[in-house]
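K.L.:
These two chains come separately, so use the hints to put the complex back together.
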Amino acid sequence: MNQTISLRVNGLPETHEVPANQTLLQFLRETLDLTGAKEGCNEGECGACLVLLDGRAVNACLTLAVEADGREVTTIEGLGHAGDLHPLQAAFLKHAAVQCGFCTPGMIIAALGLLRDNPDPSEEDVRWAMSGNLCRCTGYRQIIDAVQEAAAAMRGDPAPEAAP
Amino acid sequence: MLLPSFAFSTARSVEEALELWACLPDAAYLAGGTDLLPQLRLGKRAHRNLIDLKRIQSLSRIRETEAGLAIGAAVPLADIARHPAVREHYPLLVECCRRVGAWPLQNRATLAGNICNASPAADTAVALLTLEAGVIAVSPEGERVISVTGLFRGPGQTCLRPGELVTEVVLPHASAGWHGSYQRLSRRQGMDLATVGVLVASSNGGAPPRHRVSLAAVAPTPLRVADAEALLDREGPRAARRAGELARDRCRPITDLRGSAEYRREMVGVLVARGVAALSGPSGIVVPGAGGPGPRTPDPGPQSQGERP
Ligand SMILES: Cc1cc2nc3c(=O)[nH]c(=O)nc-3n(C[C@H](O)[C@H](O)[C@H](O)COP(=O)(O)OP(=O)(O)OC[C@H]3O[C@@H](n4cnc5c(N)ncnc54)[C@H](O)[C@@H]3O)c2cc1C
Ligand code: FES
Ligand code: FES
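So the protein sequences, as listed, match chains A and B.
Residue numbers for the first sequence, in this note's numbering: 1 to 164.
Residue numbers for the second sequence, in this note's numbering: 1 to 309.
Next comes chain B alone, as it looks inside the complex (with noise of 0.2 Å):
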């Protein structure tokens, strides 16, 4: 099928990106267009302008600011997965990265595409709830920062304002060395959203050790299970099924292709008893495969990010 016509506009700065998409009429951000051209060639969106944000130099970039570590809206998932940052101190994005579709899916679609598509099954977003990211945002009105836990409104909807451009995703200090693992279900291996995603993660460090439980695909958003937290918090690993009864009480599946309400209400359960195991498990930390092909030599610096101008 192809695709509609409609006309290409190159950003090179921020400010130009919200000039372009102020004059021109129906237009949309492209980042890595993993999303946004599938649904252009199916008619679930029309757009007559796309503005590609991938030339923006400051939007391809991670850096550490006072707030934590600022993830550029260009940079694509691959490259947040090897950094050296990112590996080091928050090893829960690094694995959610490597679950979206696959390798070279991974090689385009960007952090900030994947939440601003805001689907219920954004696998990027259970780690970004977990770490308590903000999102930066700006328009003609000036800047914003939006916590992750209230940036989703509904399957495919933001609390972002028309026009309205991501241009970082900061992950705060405070949330430095979470680990825990992420258990997803799917049909397929790669190249498939999740069925059920469950993300049971614990603080590093500090006696009693911390919680979190964030689930994707069993509700209308991303979610966190506040409850479950807390049971987890006062109770330890022994509270792990019921902590698990606890998120299945609070999940919202649908049934759809890739599996039925109940299907996924029952797993959510397990999945979170599972999780909760695992912390406790032989490292504690599970991350299948993310030595996988990172680089040999492990520092690709700042100017490697993203995609060249």
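Bound-form chain A, shown alone (with noise of 0.2 Å):
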């Protein structure tokens, strides 16, 4: 059963025509062709779908497209790009946050909605906030440290000294 939907996804309007039964998540990367947020487990289990519904981190695996109607959605791509990164991205790219990228998308998103309500956040509130994104790269160290120095990038606190 096809419902009509309206919503921002990146800041760009779109109206659609989906199936009820459609995830968010099914919508973003096979209607928009948005892949950046991705499917792991497909449960809420991993945290790789995430995006931000009006300004909130969800997964994007356990929420309906048509639930997301007249919303604003955030994935991945609506941060920076080439040569114009958002401090998270540039964070995770200079601690090597990143191996094979599959968490990423998630891992990025989880810590934008952190930042957006704790623009200063301890590691341990990092951790409890990234509880739910699971990697199996990286160890985690390198992605704690790059949300930390993005937060201080984003808050306008000057350049950590570089490590002698």
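Source of the hints: derived by calculation from the structure; they are not laboratory data.
All figures in this text were calculated on a predicted structure; none of them were measured in a lab.
Please note: incorrect hints may appear among the correct ones.
What the hints assert, rightly or not - When the alpha-carbon atoms are kept at most 25 Å apart in a straight line, the in silico SDA-like pairs for lysine to any residue are as follows: (1) K44(B) with E39(A); (2) K94(A) with T15(A); (3) K44(B) with G40(A); (4) K44(B) with E43(A); (5) K44(B) with K94(A); (6) K44(B) with M1(A); (7) K44(B) with A67(B); (8) K44(B) with L24(B); (9) K44(B) with Q26(A); (10) K44(B) with E45(A); (11) K44(B) with M1(B); (12) K44(B) with E72(A); (13) K44(B) with Q22(A); (14) K44(B) with P19(A); (15) K44(B) with P158(A); (16) K44(B) with G281(B).
Stated by the list, open to error - Stretch by stretch, here's where chain B covers chain A in the computed footprint (C-beta under 8 Å, at least three residues): (17) 7-17; (18) 146-153.
Claimed, not checked - Here are some of the chain B residues that sit facing chain A, going by a computed Cβ distance under 8 Å: (19) F6; (20) L18; (21) L20; (22) A67; (23) L193.
In this text, a Cβ means the ideal position worked out from N, Cα and C, and glycines have one as well.
P.N.:
See below:
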């Protein structure tokens, strides 16, 4: 059963007819060709599918496309681009917080959701906010460091001294 | 795995939700969907119609009432955990909300959904049992208040009638200030149900203080252990170990992929004793990370509760 939805995705208005049982993740990946959000587990366990819905990080695999009607969705594609990276993207690169990259869009969206609420998170805050995101490669340390450095950059703190 | 086909309707008021449920075949209410959608996907349940509750304004707020603080059925757990009045008066609920899955899930999942789903491991249920919360349920026959203690009937079962809608969960004024800690074991910090959950709490002020002991994931429903509570009321913290033994004898755990019945039973004893010890710990309140990514400016205000219509 199809329904028409109108929403904004990364700032652009979109109107589409979608089946009621389509997830927001399927809609983004298959209809809009925004393949940044990943399908890891499709059951809420891995965080690879995170997007911002009205500014809050949610699992797109547990959200229906029809539930996003009238709302604002931000995916990783809505952040920076090569040559003009978002501070989180730049910090992930700098700290080698990316290996295979599969978890990265979800990690960055989780971090973005956190930093909107709490621009100066402690390490414990970062660990807590990202405990729904699995990474099979990095071991998490680099990710936490990257989020804290990006947070400092976004607050406008002076950059840390380069390591000797 | 794809979701089976269904139709989706949006209710704009409680009355409309009840009407839709009455006229649509095989309907289910949809709150955060974090239980319902996976269950549909796995074929554990089948519904031809989902009725979304998240755009009902009256369910999307937290308000003071004569009976207590009333939490709307569509307010996500993350908003409950950051609400100033909840944080000030009901820290145990804050702690338990923050243990459900992980943060993105808490941005969708609701308190009403957690208790209507009636998992023996429902993390918010132990806080609501301890706080002696009431559940307001409406149906075409009218409105009734159900005590959380009487709500659970078994795994996945409540005393709600078909089509009955929970509108609010009410935290009584008398339970304000109860504090303690939720001792929870799971295989992984985030995104895993409790293997064993034990909440030990004591009343605010009043000499001698009163105690409550609630358990999750060790019986067909979340439950309170009245005799352990009475023992602690009489004898205080020195009865910690014996209170643990009583709780251990009262629980009825099963063996599943998260742990064996024997392990769960032993851990109940250990965790109750630990919970009692924590009551007289440094601050008496253990809320790990409760300062977490809450907003810097504390008051999200009632308008920002839940999803905006
Ligand atoms: C990856 C993952 C991890 C999880 N971890 C935890 C955990 O650690 N602890 C825990 O307790 N739970 C956990 N859960 C379960 C789930 O997230 C919670 O139970 C959640 O609170 C359910 O709320 P919801 O709003 O999403 O409910 P829904 O899925 O929308 O609804 C659940 C049930 O309640 C009914 N319902 C909802 N609202 C109402 C209402 N107002 N009136 C009548 N009926 C209603 C629905 O019809 C449905 O049957 C987890 C789930 C996932 C997917
Ligand atoms: S794909 Fe959504 S949480 Fe894993
Ligand atoms: S970088 Fe490979 S899963 Fe995280």
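K.L.:
Checking C-beta pairs, does the stretch 146-153 of chain A have three or more residues closer than 8 Å to chain B?
P.N.:
violated (count 0)
K.L.:
Is the shortest C-beta separation between L18(B) and chain A less than 8 Å?
P.N.:
For L18(B), the interface hint is violated, since the closest Cβ of chain A sits about 21 Å away, which is over 8 Å.
K.L.:
For K44(B) and Q22(A), compute the direct alpha-carbon distance and say whether it is at most 25 Å.
P.N.:
holds (18 Å)
K.L.:
Does M1(B) lie within 25 Å of K44(B) when you go C-alpha to C-alpha?
P.N.:
Holds, because 13 Å separates the two Cα atoms, which is no more than 25 Å.
K.L.:
So if I understand the rule, the pair passes when the alpha-carbon distance is 25 Å or less; does K44(B) with M1(A) pass?
P.N.:
holds (21 Å)
K.L.:
Would the hint on L193(B) stand, with a C-beta cut-off of 8 Å toward chain A?
P.N.:
Status violated, d = 11 Å.
K.L.:
Sort out whether G40(A) lies within 25 Å of K44(B), counting only the CA atoms.
P.N.:
Holds, because 21 Å separates the two Cα atoms, which is no more than 25 Å.
K.L.:
Would you check the hint for K44(B) and G281(B), treating anything up to 25 Å between C-alpha atoms as holding?
P.N.:
violated (44 Å)
K.L.:
If you draw a straight line from the CA of K44(B) to the CA of P19(A), is it 25 Å or shorter?
P.N.:
Since the Cα atoms of K44(B) and P19(A) sit roughly 21 Å apart, the hinted pair holds (cutoff 25 Å).
K.L.:
Would the hint linking K44(B) and E43(A) be met if the CA-CA limit is 25 Å?
P.N.:
holds (14 Å)
K.L.:
Regarding the hint that L20(B) lies at the interface with chain A, is the smallest CB-CB distance below 8 Å?
P.N.:
violated (14 Å)
K.L.:
Test coverage of the stretch 7-17 of chain A by chain B using CB-CB distances below 8 Å; three residues minimum.
P.N.:
Result for this restraint: violated, n = 0.
Hints 2, 5, 7, 12, 15, 16, 17, 18, 20, 21, 22 and 23 from the earlier list are contradicted by this structure; the remaining hints agree with it.
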